[in-house]
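Chemist: Please construct the entire structure, taking both the sequences and the accompanying hints into account.
2 protein chains.
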Amino acid sequence: MKSLHVEFFKSVVGAENVYDDKAHLLAYSYDATKNHYEPDAVIFPRNEEEISKILTYCNENKIIITPRGAGSGFTGGALPADGGIILALEKHMNKILEIDMENLVAVVQPGVINMDLQRVVEAKGLFYPPDPASQDYSTLGGNVSENAGGMRAAKYGITKDFVMALRAVLPNGEVIRAGKRTIKDVAGYNVAGILIASEGTLAVITEITLKLLAKPKLSKSAMGVFPTVQKAMEAVFKTMASGVTPVAMEFLDNLSIRAVEQKFHKGLPVDAGAILITTVDGNLDEEIINQLEIIENSFFNNGCSEFKIAKDKEEENDLWFARRNASQSITIYGSKKLNEDITVPRSKLPALLEEVDKISKKYSVKIPCFGHTGDGNVHTNVMVNGSDEKELKAGHDAIVEVFKATVKLGGTLSGEHGIGLSKAPFMGLAFSDAEMELFRSIKRAFDPNNILNPSKMGL
Amino acid sequence: MKSLHVEFFKSVVGAENVYDDKAHLLAYSYDATKNHYEPDAVIFPRNEEEISKILTYCNENKIIITPRGAGSGFTGGALPADGGIILALEKHMNKILEIDMENLVAVVQPGVINMDLQRVVEAKGLFYPPDPASQDYSTLGGNVSENAGGMRAAKYGITKDFVMALRAVLPNGEVIRAGKRTIKDVAGYNVAGILIASEGTLAVITEITLKLLAKPKLSKSAMGVFPTVQKAMEAVFKTMASGVTPVAMEFLDNLSIRAVEQKFHKGLPVDAGAILITTVDGNLDEEIINQLEIIENSFFNNGCSEFKIAKDKEEENDLWFARRNASQSITIYGSKKLNEDITVPRSKLPALLEEVDKISKKYSVKIPCFGHTGDGNVHTNVMVNGSDEKELKAGHDAIVEVFKATVKLGGTLSGEHGIGLSKAPFMGLAFSDAEMELFRSIKRAFDPNNILNPSKMGL
Chain X
1 MKSLHVEFFK SVVGAENVYD DKAHLLAYSY DATKNHYEPD AVIFPRNEEE
51 ISKILTYCNE NKIIITPRGA GSGFTGGALP ADGGIILALE KHMNKILEID
101 MENLVAVVQP GVINMDLQRV VEAKGLFYPP DPASQDYSTL GGNVSENAGG
151 MRAAKYGITK DFVMALRAVL PNGEVIRAGK RTIKDVAGYN VAGILIASEG
201 TLAVITEITL KLLAKPKLSK SAMGVFPTVQ KAMEAVFKTM ASGVTPVAME
251 FLDNLSIRAV EQKFHKGLPV DAGAILITTV DGNLDEEIIN QLEIIENSFF
301 NNGCSEFKIA KDKEEENDLW FARRNASQSI TIYGSKKLNE DITVPRSKLP
351 ALLEEVDKIS KKYSVKIPCF GHTGDGNVHT NVMVNGSDEK ELKAGHDAIV
401 EVFKATVKLG GTLSGEHGIG LSKAPFMGLA FSDAEMELFR SIKRAFDPNN
451 ILNPSKMGL
Chain C
1 MKSLHVEFFK SVVGAENVYD DKAHLLAYSY DATKNHYEPD AVIFPRNEEE
51 ISKILTYCNE NKIIITPRGA GSGFTGGALP ADGGIILALE KHMNKILEID
101 MENLVAVVQP GVINMDLQRV VEAKGLFYPP DPASQDYSTL GGNVSENAGG
151 MRAAKYGITK DFVMALRAVL PNGEVIRAGK RTIKDVAGYN VAGILIASEG
201 TLAVITEITL KLLAKPKLSK SAMGVFPTVQ KAMEAVFKTM ASGVTPVAME
251 FLDNLSIRAV EQKFHKGLPV DAGAILITTV DGNLDEEIIN QLEIIENSFF
301 NNGCSEFKIA KDKEEENDLW FARRNASQSI TIYGSKKLNE DITVPRSKLP
351 ALLEEVDKIS KKYSVKIPCF GHTGDGNVHT NVMVNGSDEK ELKAGHDAIV
401 EVFKATVKLG GTLSGEHGIG LSKAPFMGLA FSDAEMELFR SIKRAFDPNN
451 ILNPSKMGL
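Protein sequences appear in the order of chains X and C.
Going by the numbering used here, the first residue of the first sequence is number 1, and it counts up by one from there.
Going by the numbering used here, the first residue of the second sequence is number 1, and it counts up by one from there.
What the hints contain is simulated information worked out from the structure, not anything from laboratory work.
It is possible that some hints are incorrect.
Which copy is meant is left open, because identical chains are indistinguishable; a pair holds if it fits in one copy or across any two.
Calculated lysine to any residue pairs in the SDA-like style (CA-CA distance at most 20 angstroms, straight line) [claimed, not checked]:
#1 K217 with L292
#2 K311 with I289
#3 K217 with I289
#4 K215 with I294
#5 K263 with K366
#6 K211 with A241
#7 K215 with I288
#8 K215 with G157
#9 K10 with N449
#10 K220 with L284
#11 K211 with D161
#12 K91 with D21
#13 K124 with M101
#14 K238 with A214
#15 K53 with A434
#16 K211 with S242
#17 K124 with T245
#18 K362 with A351
#19 K231 with I294
#20 K358 with P227
#21 K215 with A241
Modeler: Shown next as structure tokens:
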């Protein structure tokens, strides 16, 4: 990067917040995809005003900017694919600014870690439901930019359902506010709505106002064992349609169950086609009992062979152990995991899992599946030997077929992870030319010089 | 309108669906604002393909289009302020296409009346919560375009919280899909999110996919009487923050109570500063009892002098009578109602009502208030003698001050009604130049020739 530019950035944020040494460039060149792209400089802005000055300058000088939270994304959203500067928000822009107990609202900077907010609000009897698997390290700015989901989405929805307002800096340096600390606000276009899930391509988010709930006082978990994955998937959508809305309704298929058992010897039902693990919550014992009864009945009506309710916290942890350790356990099937987060309408889950089985056989690759079936979101993991070129190709071909089957069933390429770089080549499977052209028009409306996180989302 | 254009439209939708006679132009020249703007033609398209052909033609010939549902909007969103054609969707595009019991989803055309959907889904044990006061005649297309709210927003949210996917025709005639029949979908920009509340300025919505809930089995209503409106407003936000989320938490101030009593003689507490009317719902008696206990305690801790729970349906109707008839009753205070739907964070309700009181005294106009305090939404009605120019001006000046007070308290110009023509002059009070310029950029991205509902939203 030209020293002229570096000097300008130092004059804005201080010399101690601008780096272009090899160590920093390397440290900020990767994310959870394990791909590498080196930026030309890494900048740690201290406030919105500095971000505004940096964007104004970059816009005038056509310098590319990639905003970055924790860099824990699975699709390369925070990777500087075209060089330029990394705007790293986790160092200074990481304050919880306000917990408004009167309106049940939190105001945070983008670099706040999801779990840090959860802990602070729960200590006050409040509740922030979105719980992506990365919750211990991913930032709320990243969560908003990717519209993160999680296990509790079945009942509580995803990040977008909790964003009330945003402050952001446009590529031209202008600061905008979008939304209000009110449930209702219909003045002007819903700019907050389009900034959510925009993967850092439209503006740099500088402040997030989130809706909080009162924390439910009680919760209980249960597990059901099913002979086949199809039966389990039918049980999922029929249970969800029966009038009960569990907080979570997660599943593991046979391959995932076997993997966890092989690694941890927990006495899991290794011959089961699938297990479902569910949690209900509420404020009264009667609510908990009632919900679990409905679920138990529905499970048994749909082929469940065993239903177990956790009696205490320890048993609950045991029930959830398999689900929590599925992701790391399935590595027994291959050194390289091609991990997708497709989502279909719940009633299409049986058909989806059938298609995945066919694809697995066709390409001779193992595809263990687990995930958030309560909202139709299945983590399909194509496992291959990463050093075997032929197998890797078969894996990638299998993924394309999984995407095609998903779209055919009315589903989406991504329920949680976003498009970024990884899924960009597949946008054409899901969107028409007119839809892609509209995306590009929206991008131009916000960022006419294309300086903000270009090359993402297949635009 | 040139006969050439009329002939083209007839060739697309059939002669029986194109009108440019005086009677039709007049019939489609008004909405609930009672303002009049005559269109040049009224067209009743029969399907999406016809809408696409009409938009393509209008875009090429720079003919202005105003999409219209029931014309029941309060801000002129459906008025053809600049002439051109009215695209009337209520005649043919009014089918409920699907009630998907497996995924709890409804698919409807834009001309379906809100209450018609509610009735159909409730007969199946399901529930569509958004209930604008216009629910008996307003269309779901209009509800989406204005992001309609209602009484049940305090617990269930507003229209945007139920829209899962849309089909729409862009001004260039291209058909796009936005969103999916899934809770999670993070592929591509959230185009559905920006079409909601865009007041027909970005695209013509042709199909709406809505989330449904299981219908709660039980509900119960109660009323609290308060000595002052400030006490009542404090009770509102403290109750909502105490861990209970009632379906509705509505209020009437003293002027509104007196107006209903004068008109209907129901034995209402005419000396009360305000009454709060609330409803809770759930599936178990224990839930209902528990919620009402929390509310009762919170009300009494905040100055409530009387709390009454409706014992049966009849008593419930009695409790709600005052709220349902407030709007028509307050006309005793003036022939012309300047009716606004400002919304503030709930904790600012006491301060807002105090400001309204001051403004009322300053301009010597009565401002009865009632509305959806559970979500901070207050219908402020400046009542004047419509034939008294001086009083009318005082009323309008008072409204400007109400807007200013609202914005100062972190609130919004509109919680439900949108901006349209009526509130367009006040956009500058709420939005910066940069924010207005961004709105215009978004408008241009969708509609470069500005043919779709121009002159709305102060753009």
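Chemist: A separate judgement is required for each hint: does it hold in the structure or not?
Modeler: Checked hints:
1. For the homomeric pair K217 and L292, the shortest alpha-carbon distances inside one copy (16 angstroms) and between copies (17 angstroms) are both at most 20 angstroms.
2. Proximity of K311 to I289 under the C-alpha cut-off of 20 angstroms is restricted to the intra-copy arrangement: shortest distance 12 angstroms within a copy versus 27 angstroms between copies.
3. In the homo-oligomer, the alpha carbons of K217 and I289 lie at most 20 angstroms apart both inside one protomer (14 angstroms) and across protomers (16 angstroms), since each shortest distance falls under that limit.
4. Within a single copy, K215 and I294 get their C-alpha atoms only as close as 23 angstroms, which misses the 20 angstroms cut-off; across copies the closest is 15 angstroms, which meets it.
5. Only within a single protomer do K263 and K366 lie at most 20 angstroms apart by alpha-carbon distance; the minimum there is 17 angstroms, versus 74 angstroms between protomers.
6. Only between protomers do K211 and A241 lie at most 20 angstroms apart by alpha-carbon distance; the minimum there is 12 angstroms, versus 27 angstroms within a single protomer.
7. Taking the shortest alpha-carbon separations for K215 and I288, both the intra-copy value of 15 angstroms and the inter-copy value of 18 angstroms come in at or below 20 angstroms.
8. Both within a single protomer and between protomers do K215 and G157 lie at most 20 angstroms apart by alpha-carbon distance, with minima of 15 angstroms and 18 angstroms respectively.
9. Taking identical chains as interchangeable, the C-alpha atoms of K10 and N449 are never at most 20 angstroms apart, the minima being 23 angstroms within one chain and 44 angstroms between chains.
10. Taking CA atoms no more than 20 angstroms apart as the test, K220 paired with L284 passes in both settings, with 12 angstroms inside one copy and 18 angstroms between copies.
11. Taking the shortest Cα distances, K211 and D161 sit within 20 angstroms of each other both inside one copy (8 angstroms) and across copies (13 angstroms).
12. In this assembly of identical chains, the alpha carbons of K91 and D21 lie at most 20 angstroms apart only when taken from the same copy (18 angstroms versus 67 angstroms across copies).
13. In this assembly of identical chains, K124 and M101 lie within 20 angstroms of each other by CA distance solely inside one copy; the values are 8 angstroms within and 38 angstroms between copies.
14. Taking identical chains as interchangeable, the C-alpha atoms of K238 and A214 lie at most 20 angstroms apart only when they sit on different chains, with a minimum of 12 angstroms there against 29 angstroms within one chain.
15. In this assembly of identical chains, the alpha carbons of K53 and A434 lie at most 20 angstroms apart only when taken from different copies (15 angstroms versus 35 angstroms within one copy).
16. For the homomeric pair K211 and S242, the shortest alpha-carbon distance between copies (15 angstroms) is at most 20 angstroms, but the shortest distance inside one copy (28 angstroms) is not.
17. In this assembly of identical chains, K124 and T245 lie within 20 angstroms of each other by CA distance solely across copies; the values are 17 angstroms between and 25 angstroms within a copy.
18. Taking the shortest Cα distances, K362 and A351 sit within 20 angstroms of each other inside one copy (17 angstroms), while across copies they are farther apart (67 angstroms).
19. In this assembly of identical chains, K231 and I294 lie within 20 angstroms of each other by CA distance solely inside one copy; the values are 17 angstroms within and 42 angstroms between copies.
20. When the C-alpha separation of K358 and P227 is checked against a cutoff of 20 angstroms, the pair qualifies only within one copy, where the shortest distance is 19 angstroms, while the shortest distance between copies is 70 angstroms.
21. Taking the closest pair of Cα atoms, K215 and A241 come within 20 angstroms of each other only across two copies (11 angstroms); inside a single copy the shortest separation is 25 angstroms, beyond that limit.
Checked against the numbered hints given earlier, the structure breaks only hint 9 and satisfies all the rest.
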